[in-house]
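Undergrad: Letter by letter, the chains look like this.
There are 2 protein chains.
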Amino acid sequence: MIFQRIGSIFIYVCLNLIAHGFHAPRNLFNRRITVKMSLTQSPSLKKVIVLGGDGFCGWPTALHLSDIGHEVIIVDNLSRRKIDVELGCDSLTPIAAIQDRCNVWNSVSGKRIKFKYIDVATEYAELLQLLKDEKPDSVVHFAEQRAAPYSMRTPKSKRYTVDNNLSGTNNLLCAIVESELDIHVVHLGTMGVYGYGTSGGEIPEGYLDVLLPGGRPATILHPAYPGSIYHLTKCLDALTFQFYNKNDGIRVTDLHQGIVWGTNTLQTVRDERLINRFDYDGDYGTVLNRFLMQASLNIPLTVYGTGGQTRAFIHISDTARCIEIAINNPPAPGNVLTSLRLYVYTHAHMYVCLRFSLCSWKNNQMSLVLMPLS
Amino acid sequence: MIFQRIGSIFIYVCLNLIAHGFHAPRNLFNRRITVKMSLTQSPSLKKVIVLGGDGFCGWPTALHLSDIGHEVIIVDNLSRRKIDVELGCDSLTPIAAIQDRCNVWNSVSGKRIKFKYIDVATEYAELLQLLKDEKPDSVVHFAEQRAAPYSMRTPKSKRYTVDNNLSGTNNLLCAIVESELDIHVVHLGTMGVYGYGTSGGEIPEGYLDVLLPGGRPATILHPAYPGSIYHLTKCLDALTFQFYNKNDGIRVTDLHQGIVWGTNTLQTVRDERLINRFDYDGDYGTVLNRFLMQASLNIPLTVYGTGGQTRAFIHISDTARCIEIAINNPPAPGNVLTSLRLYVYTHAHMYVCLRFSLCSWKNNQMSLVLMPLS
Chain A
14 MIFQRIGSIF IYVCLNLIAH GFHAPRNLFN RRITVKMSLT QSPSLKKVIV LGGDGFCGWP
74 TALHLSDIGH EVIIVDNLSR RKIDVELGCD SLTPIAAIQD RCNVWNSVSG KRIKFKYIDV
134 ATEYAELLQL LKDEKPDSVV HFAEQRAAPY SMRTPKSKRY TVDNNLSGTN NLLCAIVESE
194 LDIHVVHLGT MGVYGYGTSG GEIPEGYLDV LLPGGRPATI LHPAYPGSIY HLTKCLDALT
254 FQFYNKNDGI RVTDLHQGIV WGTNTLQTVR DERLINRFDY DGDYGTVLNR FLMQASLNIP
314 LTVYGTGGQT RAFIHISDTA RCIEIAINNP PAPGNVLTSL RLYVYTHAHM YVCLRFSLCS
374 WKNNQMSLVL MPLS
Chain B
14 MIFQRIGSIF IYVCLNLIAH GFHAPRNLFN RRITVKMSLT QSPSLKKVIV LGGDGFCGWP
74 TALHLSDIGH EVIIVDNLSR RKIDVELGCD SLTPIAAIQD RCNVWNSVSG KRIKFKYIDV
134 ATEYAELLQL LKDEKPDSVV HFAEQRAAPY SMRTPKSKRY TVDNNLSGTN NLLCAIVESE
194 LDIHVVHLGT MGVYGYGTSG GEIPEGYLDV LLPGGRPATI LHPAYPGSIY HLTKCLDALT
254 FQFYNKNDGI RVTDLHQGIV WGTNTLQTVR DERLINRFDY DGDYGTVLNR FLMQASLNIP
314 LTVYGTGGQT RAFIHISDTA RCIEIAINNP PAPGNVLTSL RLYVYTHAHM YVCLRFSLCS
374 WKNNQMSLVL MPLS
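In order, the protein sequence lines correspond to chains A and B.
In terms of my numbering, the first sequence is residues 14 to 387.
In terms of my numbering, the second sequence is residues 14 to 387.
With the rest of the complex left out, here is chain A (with noise of 0.2 angstroms):
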């Protein structure tokens, strides 16, 4: 039935390559994700409030969290679905309702996730009432607008990405301090503030230690190259993040992640009305999704100057795993005053690194090689 819409079987077969074929040697890249499976995996359950819980990676990681025990209440504004109807797209998977998908999920796994229809970038009042209400354990921050593409669409685009995501971010953050509760927030960064192409090196977790002129030692936060307004934004919210930190306690984890792929999750597919969204338009669909929909159009594929650009991709099942590994492993309380800042908020990067380097189309097929990095 999903795949109706385009007609063609060759695309169910690369979706299937994606979600599965890729499956396995994914795993050959995965050290910095098994660097942090050491971190605690047999926590106690929680309460979390996902912001953004209705999007591509907000969705899928409240039913894991939900799978594995967590309590679980979704906020969204639908704010992504709106965008489709201003685009005129929509998703290739017939996303349902976030009610329905919030009932079928309830049904299906015994479990109870809630929905809470608020926009936290201007509805201050009724955000603040709901940790107070719920008193969450963990807030997930997804929250944001988040394609590269439409955040430079127009100068309209350009304000809305960041009036949405640095007011969400200073509401969350303002709420938490004004509610006196101690709520641990995860947050969904891009490994995109660290510049592409410029970079040139590994790329140290957490705060850095560098020499200022003079020879004055000081801990920054990584350098921010960001190539766009939405990659802009999550520089902001580095340094909103450290600044709440800093002044009111508050225990930060900003994940810089790169491109997550894939659709589905052990969770989505137990259910058709569960299935996650899978954007291909020009703004929203990543390269991957972009290029499977142009094979499968037999058009030529929009390969970016010589196709040689690296990367950093993550599924989404692992994205809702780090969320996991996260929410498991806050941050220490400490005295802002103290040293302990390093361990009070955390940065942390937890991706695959791919070349996507070869794209060839001839005779209606295509190959899509990822290659890992030397």
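If you're looking for bench data, these hints aren't it; they were derived computationally from the structure.
C-beta: ideal position from N, C-alpha, C; glycine also.
Treat the hints with care, since some could be wrong.
Stated by the list, open to error - Derived DSS-like pairs (lysine-lysine); straight-line CA-CA distance at most 30 angstroms:
(1) K145(B) / K259(B)
(2) K60(B) / K145(B)
(3) K60(A) / K129(A)
(4) K148(B) / K124(B)
(5) K259(A) / K60(A)
(6) K60(A) / K95(A)
(7) K169(B) / K127(A)
(8) K95(A) / K169(A)
(9) K169(A) / K129(B)
(10) K129(A) / K95(A)
(11) K148(A) / K129(A)
(12) K127(B) / K169(A)
(13) K148(B) / K169(A)
(14) K127(B) / K95(B)
(15) K60(B) / K148(B)
(16) K59(A) / K145(A)
(17) K127(A) / K95(A)
(18) K145(B) / K169(A)
(19) K148(B) / K129(B)
(20) K169(B) / K148(A)
(21) K60(B) / K259(B)
(22) K60(B) / K169(A)
(23) K60(A) / K169(B)
(24) K169(A) / K169(B)
(25) K59(A) / K127(A)
(26) K169(B) / K129(B)
(27) K145(A) / K169(B)
(28) K169(A) / K95(B)
(29) K259(B) / K169(A)
(30) K60(A) / K124(A)
(31) K124(A) / K59(A)
(32) K259(A) / K169(B)
(33) K169(B) / K129(A)
(34) K124(B) / K59(B)
(35) K129(A) / K145(A)
(36) K95(A) / K169(B)
(37) K145(B) / K124(B)
What the hints assert, rightly or not - Just a sample of chain B residues kept apart from chain A, beta carbon distances all over 10 angstroms, derived:
(38) V121
(39) F128
(40) D146
Mind docking chain B on chain A? Use the hints.
TA: Structure of chain B alone, referenced to chain A:
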């Protein structure tokens, strides 16, 4: 007339002390300003829009620029006056309505300052149209909530400060890009972005060259140590300027100054209806002003801690001159992909460093001793 409000001649003496007595020795500590004075001093006259031109820094700066021949347009949403209403405070000096201010200035000077009532944080279309209509050479950006105490007062004021300051800055830069005009932005930052009490050394200008772990060289903004939401927004501004400079070639000068003191300038004294505001409340009144008022009312001075904190101070006349110098010396246009970036986007701080160390109160007399840093 001005001083009838507090019924004391004492404050008048103190104000004169600040306005004149401190004015001469101030030059003893003007090393950085002297350096900047070697820049172009006889420029072509320009069209300048002053955002926030009704405020404490904006008004005397607008008059100064007009006085030396630049064509000045003031843009303001009068938020500072509205916050007075909110706080139940008022300027000690009876400031005239902005329309009257402009009329009086145009009358006494023979120049012409126009006023536009626009909120740059929310009225993007109006801001863009103004840029297109007026085609200014420079925009001076003062349109930010500028009190650290106010920014930390309540969740509402925290959120207002972030939303207003970030949206305003992003709107301005976005509108300049959309206008396709080559407009130089001069922004007033704050010394506070460097943190207080933590730097321990000279603060270099411009970008800093550091080595990241692994021996990778990087050119970074000075590490940000904001001590309040207000200071945080200035750090976020800096990242935003860096992005728009790199991505769109926008030329920006970000001036990080210390606490601006003083009330009047050579221009504001020409007519009492041109007088600048004098704030002495707990939010907008800075330390000098508050001590003066406390002394005049015979109440204890609110010295913080031991009184041994150091801050950088700059007289309002010098703020206006710094802006003038920045306008006269825009960064060279450059291909942002070259190494010219440092010259395209400049940081500069011009300040007088003083130790504000002794405030004694006895026999109804107050001594304020400002000492140069050794």
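Undergrad: Check each numbered hint from earlier against the structure, then list the numbers of those it violates in ascending order.
TA: none
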